[in-house]
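Enquirer: Top line first, the protein sequences correspond to chains Z and E.
For the first sequence, the working numbering assigns the number 1 to the initial residue and increments by one for each residue that follows.
For the second sequence, the working numbering assigns the number 1001 to the initial residue and increments by one for each residue that follows.
It should be emphasised that the hints constitute simulated quantities derived from the structure, not laboratory data.
These numbers come from a predicted model, not from an experiment.
C-beta: ideal position from N, C-alpha, C; glycine also.
Careful, some of the hints might be misleading.
[What the hints assert, rightly or not] Residues from chain Z that face chain E, not an exhaustive set, calculated with beta carbons under 10 Å: (1) I11; (2) V92; (3) R101.
[Unchecked claim] Calculated lysine-lysine pairs in the DSSO-like style (CA-CA distance at most 30 Å, straight line): (4) Z:K88 / E:K1218; (5) E:K1218 / E:K1441; (6) E:K1298 / E:K1441; (7) E:K1047 / E:K1113; (8) E:K1218 / E:K1439; (9) Z:K88 / E:K1113.
[Stated by the list, open to error] To list a few chain E residues with every Cβ distance to chain Z over 10 Å, as calculated: (10) A1007; (11) L1037; (12) T1070; (13) V1080; (14) V1157; (15) A1175; (16) K1218; (17) P1258; (18) T1353; (19) V1508.
Each chain, letter by letter, is given below.
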Amino acid sequence: MENTSLAHHLILAGLLFVLGLTGVLMRRNLLVVYMCLELMLAAATLALVAFSRFNRTMDGAVLVFFVITVAAAEVAVGLALIVALFRKRGTVQSDALTSLRD
Amino acid sequence: MIPFLAAIDPAFAKLAPQAAHWKSILPEIAVAGLSLLCLLQAMFLPKALRSLIPLTARTGLVLVAVMALTAGPWTLPADVSSFGGLLRQNLPTDGVRMVFLLSALLTSFLADKFLRDRDAAVADYHHVLLVVTAAFMLLAQSNHFVTFFLALETAAVGLYVLVGYLRRSEASLEAGVKYLVAGGLSSALLLMGIVLVYGSLGAVAGVTDSLDFTQIGKALATQTAAHAVSPLTLAGIALILGGVAFKLGAFPFHAWIPDVYQGAPTPTTAFLGTASKAAGAFTLLILATGPFAPLAVKLAPLLAVAAVLTLLAGNLGALATTDVKRTLALSGVSHAGFILAAVTAALVLPGATAFGYDVEQVVVIYLLAYVIGTFLTAQTLVSLPAVEDHRRPQLALRGLLRRSPVLASALGFGIGSLAGIPPSVGFIAKLLVLALLVKAKLWWVLGAGLVGVAISIHYYFSILREAVVRPTEDNEEIAPLDLPFGTRFLIGALTAASILGGLFVLFVG
């Protein structure tokens, strides 16, 4: 911790966040998209821990636990939906999701 | 509170929840308990008595509503804060609590028949529905970003389940996955925004808890006065508002709405359109007029542009579609535009009133009117036999007037209330928002609202035309529809509410 500053942590978190966002927008495989969403949450968590450490307030560190819990619940429901869709359609490519249209 | 914590640090004693705090969230606790009761009943009741489950849920919801009405902060001073500032209750949060309870109650009526028609589990649906309702009720009262985030996410995860509930229906699953990705993205943006606000305001002198709405508001007020708001804070606020706009379905974050609303089971569509939208609208209102109020000068033009574009995008989109559920979804976007316009008016002219109602009350009235109109319309769609997931529901509407005049009139009053035809409550609600816009001198937004109303009358009445004028297809039976007594009663009550509600608002309230 001695050699790193808040800026280092924030730059890393920002990079991870943008990486995740790019993946969500660009990738076509739903599982990869979902992993990228989790990456964005992880980036936010990293920034949260860094702020908590450098601002010397505990609230951020506590919020991290809640975020991890929420992310776990989201993954449970999300994977269930993706698996159910795969069973029905045999694919998890987002291009194949075309049954809803006008 | 656990006594030994107070021994560690006197600060704990000050923060400790008291009996009055628990009492203030009794309705939320009751709704959560009710959701568990649904599961217990599913476990222990014999198959023949399973139909009691939705009945218990509905009776419970009515009792909770009565409890919240009689014991809520109606009688208390303007603002009551509890749990060490995590929650805040006042007249508007109590009003919006009613919106959520009413919406859950009506969704339960729709879901009961809808799910039994499709051989899907009724108890599980009610369980998740009630969890989401309790989460929304807490969300509206949150005064701290931890409660805010947790309540919002609890509701979001539950809604993913409700949207993708029909496991055998491709449309429902596809809508579920699309909602999952859109919702997950908005949650991630929102969380990043919260983190940036927390971090950039955490180092400011005098701020002990940079997640608390009140403290954020104070810190921002000082910084704005000194013209020293850090860019990191502004980026955070933008991300938070973007995340909330996603939930509300405001431009430019409304792209997911038509697909998800079309594919979701119709009761869920109605719940998404009313409760979820109400949650988005109300949180936007409390954020914009609460912690972020010092930035009103910067936010107001942004929200005004978003309101105009949301009104236009929703109405033009609805005009271009023919599928009934998609049309209603996009018209919901335009309703979100109206609410955004009201919030903008609150920012431009703090303390603005219309006919004696302040902005928060106008938003609650608008939401209630929208609930009534949406559920009257949705009731019609659900009552039509076997409108398959993929068939165009508007074809099933044909000849409705001859098959069931009651349903046709329900559709008529529902559409009339959504379109804002006098003397419906929808008309009064729109009138209140337009009056606010006149007071705040937001002529552009007012113009977009009026244009929107004109366009909406066209597409709303083309739905009604299908039901009233168009003949049925040749191979379609035109057997009269028989409605159960409960449905007739519900339609009657909602119709009465749509007519009398507006007059009540105008002359009594």
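Enquirer: For each hint given before, does the structure comply? Return the numbers of the non-compliant ones in rising order.
Expert: Checked against the structure, the hints that fail are numbers 1, 4, 14, 15 and 17, while the rest are satisfied.
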